[in-house]
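Asker: Sequence:
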Amino acid sequence: MEMTKTLELVFRNATGREVVISLADPRDDLAAAEAATVMEQIIAKNIFTTTGGDLMQPVEARIRIRDAVVLA
1 MEMTKTLELV
11 FRNATGREVV
21 ISLADPRDDL
31 AAAEAATVME
41 QIIAKNIFTT
51 TGGDLMQPVE
61 ARIRIRDAVV
71 LA
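Going by my numbering, 61 is the number at position 61 of the sequence shown; the sequence numbering is gapless.
Read the hints as simulated data drawn from the structure, not as lab findings.
Any given hint could turn out to be false.
[As the list claims (entries may be wrong)] With a Cα cut of at most 25 Å, we get these calculated SDA-like pairs of lysine to any residue:
#1 K45 with A14
#2 K45 with L7
#3 K5 with A33
Just need the whole structure built from these sequences, with the hints factored in.
Answerer: Structure (structure tokens):
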């Protein structure tokens, strides 16, 4: 069985749509406060833009864990 972790940073853009930035293999000891700080910096420095405009508001940070079972 193979398990992968992905940090997903979810933002709302200028048109109100949700945008997800995914980062593979986050640290196991990543704190919610660290993720929130990074999200605020991304918005403040206008690092990313989308077809719906700039990122305007952080929505949530989450870690997605996926298991894959190889059958053959």
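Asker: A separate judgement is required for each hint: does it hold in the structure or not?
Answerer: How the hints compare with the structure:
no.	hint	result
1	K45 with A14	15 Å, holds
2	K45 with L7	20 Å, holds
3	K5 with A33	19 Å, holds
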